[in-house]
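**Q** For reference, the chains in residue letters:
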Amino acid sequence: MTDALPPVTTDSDLMLVERTVAGDQRAFELLVIKYQRRIQRLIGRMVRDVDLVEDIAQETFIRAYRALHQFRGDAQFYTWLYRIAVNTAKKALLELKRDPTVSEGSLRSGDDDDETSWHGNEPTSDETPESVLAAKEIAAVVNAAMDALPADLRQAVTLREIEGLSYEEISTVMNCPIGTVRSRIFRAREAISEKVKPLLDNQSGKRW
Amino acid sequence: MRPMQITLFTGCWLRRVRDAALALAAVAGACSVGVAQTAVSPAPGLSSGPVETAQPDRGINEWLLRMHEASRRRAYIGTFVVSSGSSMASAKIWHICDGQNQMERVESLSGPPRSTFRRDDQVITFLPESKHAVAERRESLGLFPNLLQSADSSIAQFYSARQAGHDRVAGFDADVVVLQPKDKLRYGYRVWSEKRTGLVVKLQTLDVDGRVLEQSAFSELQLDAPVNMTKLNQMMSNTEGYKVDRPEMIKTTAAVEGWVLKAPVAGFKAMSCFKRPVAATETAAADNTMQWIFSDGLASVSLFVELFDRRHHGQEGQMVIGATQTITRRIGDWWLTVVGEAPAQTLAAFAQGLERKK
Amino acid sequence: MTNDTLKTREAISALADGQLRGQEFARVVEAVSKDDDARATWHAYHVVGDVLRSGDAAGHNDLAFVARLQIRLKSEEVAVQSADAVKLIAPDAINAGANGQFDTKRDSANVSRFRWKLVAGLASFTAVAAVGWGLVGGLSTAPTVNLAAAPAAPASATVVAIEQPQIMIRDPRLDELLAAHKQFGGTSALQMPAGFLRNATFEVPNR
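Residue numbers (the working numbering), protein chains in the order written: chain A, 1 to 208; chain B, 1001 to 1358; chain C, 2001 to 2207.
Simulated from the structure, these hints should not be mistaken for laboratory data. In this text, all values refer to a predicted model and were calculated from it rather than measured experimentally. Idealized CB from N, CA, C, for every residue including glycine. It cannot be assumed that every hint is accurate.
Stated by the list, open to error - Here are a few chain B residues that face chain A, going by a calculated C-beta distance under 8 Å: (1) V1081; (2) S1219; (3) L1307.
Make the full structure from the sequences, and use the hints.
**A** Below, the structure written as structure tokens:
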């Protein structure tokens, strides 16, 4: 399964970009938290070494931050960020190939540069057995929580997160006011995240 | 956070240094265009739209008056972003009018912090970092309606307006109006005017080829917002802890100061003239800088004249920031700086036309 | 869990879907960065979304990633500042003499450059209504707008610079004059919303 589904909400992204450019760096953090997993997954398809993946992801966001004023909102923010990530990774790979001390094991094959390629069940950026387990656990919890939701809440959050419908479209599909849509999506998210939160970042970072 | 703004808003004047001879040649060309023509062809890039109807230009005055009134009468709170090239700056603005008086507050969101308050024509700017405040009167702010109402109003003579569709800005539906110059001496504008009130929510300044030189827009806007005038007044009067400076500005006329524009630049009328005293320093005697302001109703040009000083005044040249051009020129014992939101050839025409009275 | 916490979380959910504007938007952005619970909520909601879309999970190291990024961003800023200062002072063969060159060593103390009559003590350049911004390199290549086409819903034109910048200088005196010029924005109908707003908005970081 690829990241074929578009990220939700460009209006929000653009507003956060504008706010960052206007001087509020905290708005940028919100964007980072939103997209970091996606970006790391993308880079992870091109580069095998997990530390390197994270370094390239860091570099991607730094470059995006520096270039934010050039983002005009005429394309989706994620598309723009995606290109920066791919370019940053390619550049890093080129540099690595010149470095004789770097083992081939750090790199995936050149075909992986193709953004549409996907290698099935290959692990995500973090490859320790611990973290693979942690990731699987999070996925399991989310799915179980979804199943446990009342139907209307599950439908609302599915239409929003998976189908990418707007609140207006969802209110049409579900035949309810927009306020209800907003409330249902919130309650669904709340119910699921209550179960997920304990699994997230409860240590301050295992890596160092 | 500051250094990020250096990347974005490097406060640089772009200098295109030209041969003095070249500059003069350009000016000579511009003058013959500017002065001789009466009926003019539209500038390229802003090429003709539909054939003009019997009363085409009454439209522009109506549009402009509506926009102007909205900016005065309506209460609003918004975030405002100005951008040009890759530079951007923004501020938050509060505005209210109680029928008699207007009040406004502007808080910078980019660059060093500053708070500006305005009550009618009284303005004070607080600079928290240095604990200084600058207070001044800006009498020109009420000028515009007079411009439109005066018998020899020339806005319609030099610009035409046409509606160019609809758009949405900061959540509001807006009419898009293009203000097209009728000659090459001025820029064009694309204005987004909020449908209900006429408030300008976005504005682009366009060069002769239709390229956007500069854009100002609300990124967030709350119309008919509950702005508290009393509170603003309190904040404005509270200068405690601040050293307040009131720069001296003396109203005068160019003739009294000894200057005349021998060849007027089409469309631009002299609006006012001021002189500001300049303190003596180790390297220069006390002086006055004259500022002579011209406007064609949409664009303004200032002529700054001061005594020539070899230590500070070197290269004649041309510089640009966004939609604002500036050229510098030596005229005998004086140094002229022309600043304005108009093409370089227009500024050059002013520079060429300024003369010391005999 | 307090009612306030719940309300904030509800707002965070709305923010994630681009539903917030104005004050509320600003308030929630601030809350997410200041308040741990709000942050954890923004994070969790997005992890949930990612899992639902891609079936793939991560997220247990995310905030550590962000913390590390923040440190880098701060040192990034410092590096940027010095680089630009160097660029701006670039020796310019054409500009002989003291004209207009921004000299970091002298300027902060050099009152004589600032020619308006100033009340004693107001020596700082930033104290004057100093404004200005430049056409930084790296022009976008957006197409020019054909005004004659008059589209029904005009695309927001990209802001471009018209010419390649050749030399860039900083000139505090010019900034002063620009400020004085903008002060008379009342002569224009297009004040948007008020002429002095532009004066108040642009800043030169004089560092």
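**Q** Now, for every hint given, state plainly whether the structure supports it.
**A** Against the structure, the hints:
Nearest Cβ of chain A to the Cβ of V1081 of chain B: about 7 Å, under the 8 Å cut. The hint holds. With a least beta-carbon distance of about 5 Å to chain A, the hint placing S1219 of chain B at the interface is held under the 8 Å criterion. A least Cβ separation of about 40 Å between L1307 of chain B and chain A goes past the 8 Å threshold, and the interface hint is therefore violated.
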